[in-house]
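Trainee: Using my numbering, the letters of the sequence shown correspond one by one to residues 865 to 1236.
Calculated from the structure, these hints are not laboratory results.
For glycine and all other residues, C-beta sits at the position ideal for the given N, C-alpha and C.
Among the hints, erroneous ones may be present.
[As the list claims (entries may be wrong)] For lysine-lysine, the following DSS-like pairs were computed, each having C-alpha atoms within a straight-line distance of at most 30 Å:
#1 Lys1058 - Lys1070
#2 Lys1132 - Lys965
#3 Lys1058 - Lys987
#4 Lys946 - Lys929
#5 Lys886 - Lys1052
#6 Lys1116 - Lys931
#7 Lys872 - Lys962
#8 Lys1057 - Lys1136
#9 Lys1084 - Lys886
#10 Lys1215 - Lys1129
#11 Lys1137 - Lys1215
#12 Lys1084 - Lys973
#13 Lys929 - Lys872
#14 Lys1033 - Lys1058
#15 Lys973 - Lys962
#16 Lys1168 - Lys1228
#17 Lys1137 - Lys1168
#18 Lys1136 - Lys1116
#19 Lys1041 - Lys1129
[Unchecked claim] Computed Cβ-Cβ distance ranges for the label pairs, DEER-style:
#20 Glu1221 - Ser896: 27 to 37 Å
#21 Leu920 - Glu1221: 26 to 36 Å
#22 Lys965 - Asp867: 21 to 31 Å
#23 Val925 - Glu1126: 34 to 44 Å
#24 Thr1232 - Ser933: 29 to 39 Å
#25 Glu1119 - Glu1034: 33 to 43 Å
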Amino acid sequence: MGDPRLNKLAKLLVNYSAEVKKGDFVYVQCESIAEPWMAEVVKEAILAGAHVETNLTSHEVSEIKLKYSSDEQLLEENFMAKALLSRADVWLTAWGTKNTKSNSNIDAKKLQLNSKGAASWRKIYSERMGDGSLRWCGTQFPTYADAQEASMSLSEYEDFVYGAGLLDKEDPVADWKRISAYQEKWVKYLDTKKELHIVSEGTDIKVNIDGRKWINCDGKVNFPDGEVFTSPVEDGINGYITFSFPGIYMGKEIEGIRLEIESGKVVKSTAKKGEDLLKALLETDEGASRFGEVAIGTNYGIQKFTRNMLFDEKIGGTIHMAIGDSMPEAGGKNRSTIHWDMLCDMRNGGKIYADGELFYENGKFIDTMLEG
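Sequences and hints are given; from them, build the entire structure.
Mentor: In structure tokens, the structure reads:
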């Protein structure tokens, strides 16, 4: 018997997150191990009246392509992804794999070239998400490999995944709407500000957000969700930041990341482990050494680092910044073939000021500021 929470997740993704309606073209994609998720989502999308097309991928095939492709082959665009994302109204994705370490021994240069090869479909995705013509939502299907990565049994990981999405609640949509209303208050506050000053252990950085729009992440794009973010002014970041947790890129870990930034550009980068990959990513293209996102995690149901950024970037009490592609819907203009999030813990003395005003301390918003 299947897990009833999986059907609840499918219903939520189709009807709440993506708001699928009759006549929509829905593209559903996942790795083959997540086929049970695909079956539930396809059923719900069809019941909603959508035209559905699917794509089951394979991590074994992806590894072979990375390992044996020439530089020229890695740079070739993904024609199917480009065509589907040009046409689809909705794109639903599930992460979940048989082997989270399949790319561990792939050369950093190949990963860089593979990212460049995604430029054509990434551009379409970014533009269509920005103008609202594409609705995308990504989620997690629990697998043994992902559970092991999070140091959990499969049953523990299933409880973690579905619990983080409030799928153990009687009416998760009502709970996400409540979260949305709370976060919207802070979005409106931040929309009036020009500069953030973020201070924590090994971090002192000023981020220009003047004229940029903050986005309320309430389960419409990522699921589970729980963050507010914007795209910073491209040349308006100065200072240094140390990321508290390992950065994960295509299954490879980079630990002890510290970046120094001048006028928005990373001018110095170090890492205790994986520094070669870090530097390769920063050199992917012109936009890869600038930031596309600054965000505050708000999901206090997620407290454990799981090496899965879908969850980790939402950890209540953390902030994250992403190098690379920015979000047009937030006013971002930085373009890159990568968008890579890195996480900074704020729970032990971290502070964030907006235009000199302290509004966030020790991993929490100062709610009394919004009273009255």
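Trainee: Now tell me, hint by hint, if it's right for this structure.
Mentor: Cross-check of the supplied hints:
1. Lys1058 - Lys1070: Cα-Cα ~10 Å, so holds.
2. Lys1132 - Lys965: Holds. Lys1132 to Lys965 sits at ~28 Å (cutoff 30 Å).
3. Lys1058 - Lys987: holds, 28 Å
4. Lys946 - Lys929: At roughly 18 Å apart (the allowed maximum being 30 Å), Lys929 and Lys946 satisfy the hint.
5. Lys886 - Lys1052: Violated: Lys886 and Lys1052 sit about 33 Å apart, past 30 Å.
6. Lys1116 - Lys931: Judged against 30 Å, a Cα distance of about 15 Å means the pair holds.
7. Lys872 - Lys962: Status holds; Cα separation ~24 Å.
8. Lys1057 - Lys1136: Between Lys1057 and Lys1136 the Cα gap is close to 35 Å, so the pair fails against 30 Å, i.e. violated.
9. Lys1084 - Lys886: Between Lys1084 and Lys886 the Cα gap is close to 19 Å, so the pair holds against 30 Å.
10. Lys1215 - Lys1129: Status holds; Cα separation ~23 Å.
11. Lys1137 - Lys1215: holds, 27 Å
12. Lys1084 - Lys973: The hint is violated at about 34 Å.
13. Lys929 - Lys872: violated, 35 Å
14. Lys1033 - Lys1058: violated, 38 Å
15. Lys973 - Lys962: holds, 24 Å
16. Lys1168 - Lys1228: holds, 17 Å
17. Lys1137 - Lys1168: Holds, because 21 Å separates the two Cα atoms, which is no more than 30 Å.
18. Lys1136 - Lys1116: Cα-Cα ~14 Å, so holds.
19. Lys1041 - Lys1129: Roughly 37 Å separates the two Cα atoms, so the pair is violated.
20. Glu1221 - Ser896: 27 to 37 Å: Roughly 50 Å apart at Cβ, these two residues miss the hinted range, so it is violated.
21. Leu920 - Glu1221: 26 to 36 Å: Once the Cβ atoms are compared, 50 Å apart, the range 26 to 36 Å for Glu1221 and Leu920 is violated.
22. Lys965 - Asp867: 21 to 31 Å: holds, 26 Å
23. Val925 - Glu1126: 34 to 44 Å: Given range 34 to 44 Å: holds, Cβ gap about 42 Å.
24. Thr1232 - Ser933: 29 to 39 Å: Because 56 Å falls outside the window, the suggested range is violated.
25. Glu1119 - Glu1034: 33 to 43 Å: Cβ of Glu1119 to Cβ of Glu1034: about 41 Å, so the range 33 to 43 Å holds.
Comparing the model with each earlier hint shows violations of hints 5, 8, 12, 13, 14, 19, 20, 21 and 24; every other hint is respected.
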